[in-house]
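All chains should be built: construct the whole structure from the sequences, respecting the hints.
Protein chains: 2
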Amino acid sequence: MIPRDDLTRTGASDRFAPEKAPCAQGSRANGFSRLDTLFHPRSVAVVGASSGIRKWGYLILCNILAGGYTGAVYPINPKETNICGLPCFRSLRDVPGTVDLVLITTPANTAPDVLKECTEKGVGGVVLISSGFSETDDRGKQIERDIVDLCQEHELPLVGPNTMGIISTHSDLYATGAHARPRKGSIAFVSQSGNLGVQLMHWATGQGIGISLFIGSGNEGFLNSTDFLEYLESDPATRTIIMYLEGIEDGRRFVQVARRVSREKPIIALNGGRTDSGKMAAASHTGSMAGSTRVFNAACRQAGVLLARKPSELLDLSMGFSSLPLTPGNRVGIVSLGGGWGVVTCDACREAGLEIPPLPEHIVKKIDRHLPPFWSRANPIDLVGTLDMQAPIVAVEELVKWDGIDAVICLGIIGRKKLAQLQMDSTRKMNPEVTGRMLDDVMEAISDYEAKYAEHLLRLMEAYHKPIVGVSLAPTGEGSQFQLEGCDYSGVFFPTPESAVNVLAQMARRRQYLNRFEEKPARS
Amino acid sequence: MIPRDDLTRTGASDRFAPEKAPCAQGSRANGFSRLDTLFHPRSVAVVGASSGIRKWGYLILCNILAGGYTGAVYPINPKETNICGLPCFRSLRDVPGTVDLVLITTPANTAPDVLKECTEKGVGGVVLISSGFSETDDRGKQIERDIVDLCQEHELPLVGPNTMGIISTHSDLYATGAHARPRKGSIAFVSQSGNLGVQLMHWATGQGIGISLFIGSGNEGFLNSTDFLEYLESDPATRTIIMYLEGIEDGRRFVQVARRVSREKPIIALNGGRTDSGKMAAASHTGSMAGSTRVFNAACRQAGVLLARKPSELLDLSMGFSSLPLTPGNRVGIVSLGGGWGVVTCDACREAGLEIPPLPEHIVKKIDRHLPPFWSRANPIDLVGTLDMQAPIVAVEELVKWDGIDAVICLGIIGRKKLAQLQMDSTRKMNPEVTGRMLDDVMEAISDYEAKYAEHLLRLMEAYHKPIVGVSLAPTGEGSQFQLEGCDYSGVFFPTPESAVNVLAQMARRRQYLNRFEEKPARS
Numbered sequence: 003m004i005p006r007d008d009l010t011r012t013g014a015s016d017r018f019a020p021e022k023a024p025c026a027q028g029s030r031a032n033g034f035s036r037l038d039t040l041f042h043p044r045s046v047a048v049v050g051a052s053s054g055i056r057k058w059g060y061l062i063l064c065n066i067l068a069g070g071y072t073g074a075v076y077p078i079n080p081k082e083t084n085i086c087g088l089p090c091f092r093s094l095r096d097v098p099g100t101v102d103l104v105l106i107t108t109p110a111n112t113a114p115d116v117l118k119e120c121t122e123k124g125v126g127g128v129v130l131i132s133s134g135f136s137e138t139d140d141r142g143k144q145i146e147r148d149i150v151d152l153c154q155e156h157e158l159p160l161v162g163p164n165t166m167g168i169i170s171t172h173s174d175l176y177a178t179g180a181h182a183r184p185r186k187g188s189i190a191f192v193s194q195s196g197n198l199g200v201q202l203m204h205w206a207t208g209q210g211i212g213i214s215l216f217i218g219s220g221n222e223g224f225l226n227s228t229d230f231l232e233y234l235e236s237d238p239a240t241r242t243i244i245m246y247l248e249g250i251e252d253g254r255r256f257v258q259v260a261r262r263v264s265r266e267k268p269i270i271a272l273n274g275g276r277t278d279s280g281k282m283a284a285a286s287h288t289g290s291m292a293g294s295t296r297v298f299n300a301a302c303r304q305a306g307v308l309l310a311r312k313p314s315e316l317l318d319l320s321m322g323f324s325s326l327p328l329t330p331g332n333r334v335g336i337v338s339l340g341g342g343w344g345v346v347t348c349d350a351c352r353e354a355g356l357e358i359p360p361l362p363e364h365i366v367k368k369i370d371r372h373l374p375p376f377w378s379r380a381n382p383i384d385l386v387g388t389l390d391m392q393a394p395i396v397a398v399e400e401l402v403k404w405d406g407i408d409a410v411i412c413l414g415i416i417g418r419k420k421l422a423q424l425q426m427d428s429t430r431k432m433n434p435e436v437t438g439r440m441l442d443d444v445m446e447a448i449s450d451y452e453a454k455y456a457e458h459l460l461r462l463m464e465a466y467h468k469p470i471v472g473v474s475l476a477p478t479g480e481g482s483q484f485q486l487e488g489c490d491y492s493g494v495f496f497p498t499p500e501s502a503v504n505v506l507a508q509m510a511r512r513r514q515y516l517n518r519f520e521e522k523p524a525r526s
Numbered sequence: 003m004i005p006r007d008d009l010t011r012t013g014a015s016d017r018f019a020p021e022k023a024p025c026a027q028g029s030r031a032n033g034f035s036r037l038d039t040l041f042h043p044r045s046v047a048v049v050g051a052s053s054g055i056r057k058w059g060y061l062i063l064c065n066i067l068a069g070g071y072t073g074a075v076y077p078i079n080p081k082e083t084n085i086c087g088l089p090c091f092r093s094l095r096d097v098p099g100t101v102d103l104v105l106i107t108t109p110a111n112t113a114p115d116v117l118k119e120c121t122e123k124g125v126g127g128v129v130l131i132s133s134g135f136s137e138t139d140d141r142g143k144q145i146e147r148d149i150v151d152l153c154q155e156h157e158l159p160l161v162g163p164n165t166m167g168i169i170s171t172h173s174d175l176y177a178t179g180a181h182a183r184p185r186k187g188s189i190a191f192v193s194q195s196g197n198l199g200v201q202l203m204h205w206a207t208g209q210g211i212g213i214s215l216f217i218g219s220g221n222e223g224f225l226n227s228t229d230f231l232e233y234l235e236s237d238p239a240t241r242t243i244i245m246y247l248e249g250i251e252d253g254r255r256f257v258q259v260a261r262r263v264s265r266e267k268p269i270i271a272l273n274g275g276r277t278d279s280g281k282m283a284a285a286s287h288t289g290s291m292a293g294s295t296r297v298f299n300a301a302c303r304q305a306g307v308l309l310a311r312k313p314s315e316l317l318d319l320s321m322g323f324s325s326l327p328l329t330p331g332n333r334v335g336i337v338s339l340g341g342g343w344g345v346v347t348c349d350a351c352r353e354a355g356l357e358i359p360p361l362p363e364h365i366v367k368k369i370d371r372h373l374p375p376f377w378s379r380a381n382p383i384d385l386v387g388t389l390d391m392q393a394p395i396v397a398v399e400e401l402v403k404w405d406g407i408d409a410v411i412c413l414g415i416i417g418r419k420k421l422a423q424l425q426m427d428s429t430r431k432m433n434p435e436v437t438g439r440m441l442d443d444v445m446e447a448i449s450d451y452e453a454k455y456a457e458h459l460l461r462l463m464e465a466y467h468k469p470i471v472g473v474s475l476a477p478t479g480e481g482s483q484f485q486l487e488g489c490d491y492s493g494v495f496f497p498t499p500e501s502a503v504n505v506l507a508q509m510a511r512r513r514q515y516l517n518r519f520e521e522k523p524a525r526s
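Heads up: the sequence lines are chains A and B, in that order.
Counting in the working numbering, the first sequence runs from 3 upward without gaps.
Counting in the working numbering, the second sequence runs from 3 upward without gaps.
Please note that a few of the clues may not be correct.
Any copy, or any two copies together, can satisfy a pair, since identical chains are not distinguished.
As the list claims (entries may be wrong) - Once the Cα atoms are required to be at most 27 Å apart in a straight line, the calculated DSS-like pairs of lysine-lysine come out as:
(1) K431 - K81
(2) K431 - K57
(3) K454 - K186
(4) K186 - K431
(5) K143 - K57
(6) K454 - K57
In short, the hints are calculated from the structure, not lab data.
Given the structure is predicted, the values throughout are model-derived calculations rather than measurements.
Here it is in structure tokens:
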């Protein structure tokens, strides 16, 4: 459990101006101090728990258990006696002791009664998974209004309805229908779309990207993206925030909160519904009315929110921002194992507004010792496929040390072992004279080198606080991050140069934004 | 071996106007009929073959053998007697009988003598792997001029120097230093960068993308990208051509050839050196002088060459173009498993100039039978996570059949099994009441469904000749293509919506280009 003492400071009620129900201001604001119980509960009940393995009431319960949640878990269903080895309760009332979090999967028309039980039981928070509310018809809209009134009256924090669920890795709570299990980390993701959220959580798992919280915000009947943003502001486990947004109910409040939060933690947002057709699709999806894209984009820029253009960028950027030091500026040095890749990366940098400064003589001289006389003698530094093990290390180090460079991109040193493995496989097949032992030794040496190289990049980042972004020659199958005990930063190795460039370009943008406040003190 | 009888028609000498040596015209042109021997040799010699497992002379030889080449293979090295179980020859002269292809890995200064031996031996073609030529210093430039003169004089086709090698899958010839083994297919890739080529071949292997030829064109001392393009025009195994270009020696000839070729086969090019810094990097890399990007882009558009912006696009586009029917227009229907993804895809389509037409009433009615009453009733068709197995099939079929739609994007039906697998794993762990057999049955049913769904998409493409592009919910680990015996097309399932959108946008561009010629007969 993470200490949350500092959370109270986010509750100032004058920040909120919800459009639909002015009377809700006080109660919603007061609810925030309880969000911590919602995301870090000591006990969880699943109302609608089921033994039917394709039902939401089963998938959520089973995921919580298989995910290793260590608190108490209570399945609630009057028709079952035992699910996944746990005794089943007829209703919330029958559960002995307190219940911090209730997940509801029963049909929409049962929600008001279940929520009444929640208030009677004094639960800390509710995630209303079920659909059939304002995203469907007038009847659904009415039920949603009723339950929102109930939550406001009883100050009961509610996520949803119509949500994929939540993940809180630091509490080992995986409470989503999809069973993706991203590892513990510092990236929080608030998503107004469940299926987009699921895919990103699955990608994050595959790439070893560490998540603090995933919140499928669903219809945002009660708690909305801005509320979650405000919670994340003080969440000590969260250092980077990504958001998928289709509509913001109260744009003014969002910008106000985002402006404050973004000075401490990067916020990266993907705005769904940027185009005419996209807006219409968003309206039919969550019932939200996306406003003018131009206005939204301008407001985000003002508030220091970085805008992604596509889902995959959300992960690239969050990985970059959560792992690397923020670039001090936009001057990039490039080290490449071969020429073409350097050219392509140069083009991408320039087109993204980054500079590629020429190399000063003292760096050229240092590198001269390690490369053949015909090397590029320029930025990008083309290692011309050298086998000199020191060359890549010297090249990166000289660039990072030089005050004419703010960030470095390294192409193709990491991932060579995958290609080497293929060469070894061929040798094993065709060349009986080379023993398996010899091949294992070679592979070990290559692996060792890559690990040492990655470690060296990390040490350089620690020493100079400039980002060094790697691009692997081939996927290593070990994820895209490299971590080392005691280091503030992690190594990042993207599969494509464009991802590395995009991270640095957005970092440079953020740096420029933050510089404004350093030049003149921010107004409160 | 592929019949090459029709190749002679590409040899018209008036098409060439090389700048450096007008006298070379005739000989280079005549040489093309011999390129087929180069790419489909019955015998191969490796000059510089070595038993040192990190040497190029070993890596190339071992790759050829391990790759399953069935022709005769001759290692040449006066200092060795036996490499990989093959007897070693002192020189080319000592090899009994003919040698079709010679790969050279010995130092630059030995190249003139080796090439003389090649001409004496009457070999069909040479791939000069070695570096140390015009990309290095004046001496290297002089050697390169000398060997080019020699090749011209003797009409000896030469690839390189300074190249990663070639791959000719249909002849089981994998003659590159890197041991990527893309499967047989219809995409040819000409790359002026070796390391970029290697990475793309490795990605292609991982994604199951079928390649006909890979040509690392290196310094292009003798044969250049335009020559290869002309060869590929008549290569029956090649249906799609991708190119990485840093400089074109004779832009006028390239445009002339490309315009002719692109009417039959799509050409997708990535232009390295689009920016000031990129140009400088390219100049130091291959010594090539990239011209004005604006002029190049305009010329490409005129010639029907599609321009990619980054390496990964080359693969996406080549996979799309080689697998799917060309879209008849730019009107896209979208079927999505969930809302957010549909919104994001809508935005991407509109921003790429594609239309998202509203659904006509008759399609809404057909789909009404399979989805709950609150479904979107619009394009994108949001399947709202339905478990109705017929819904996705009906939705796609209705869209494809309708003449108001030219192409369909399907989001998230394929790849569900990966997420289902995670759910089954949880159940196996937590729920002893469910037997392993039951879980296996569920997984088999899901797998079967996905296979049948993919097959259905293929049948629809065969029937209506409109592209149906899939986006998988999660990587299936089975590559991105789905093939079926007897089908002209393949199913394509990209990991991201933006790849699918990009393919359709470029297809629509190509369709528009081709339409010009259909409206008025092309001038010869």
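Hints and how they fare:
With identical chains, the CA atoms of K431 and K81 are at most 27 Å apart between copies only, with a shortest distance of 24 Å across copies and 61 Å within one. For a Cα distance limit of 27 Å, the shortest separation of K431 from K57 across copies, 18 Å, qualifies, whereas the shortest one inside one copy, 50 Å, does not. With identical chains, the CA atoms of K454 and K186 are at most 27 Å apart within one copy only, with a shortest distance of 25 Å there and 38 Å across copies. In the homo-oligomer, the alpha carbons of K186 and K431 lie at most 27 Å apart only across protomers (21 Å), although the nearest pairing inside one protomer, at 41 Å, exceeds that limit.
In this assembly of identical chains, the alpha carbons of K143 and K57 lie at most 27 Å apart only when taken from the same copy (24 Å versus 71 Å across copies). In this homomeric assembly, K454 and K57 come within 27 Å of each other (Cα to Cα) only across copies, at 24 Å, whereas the closest approach inside a single copy is 48 Å.
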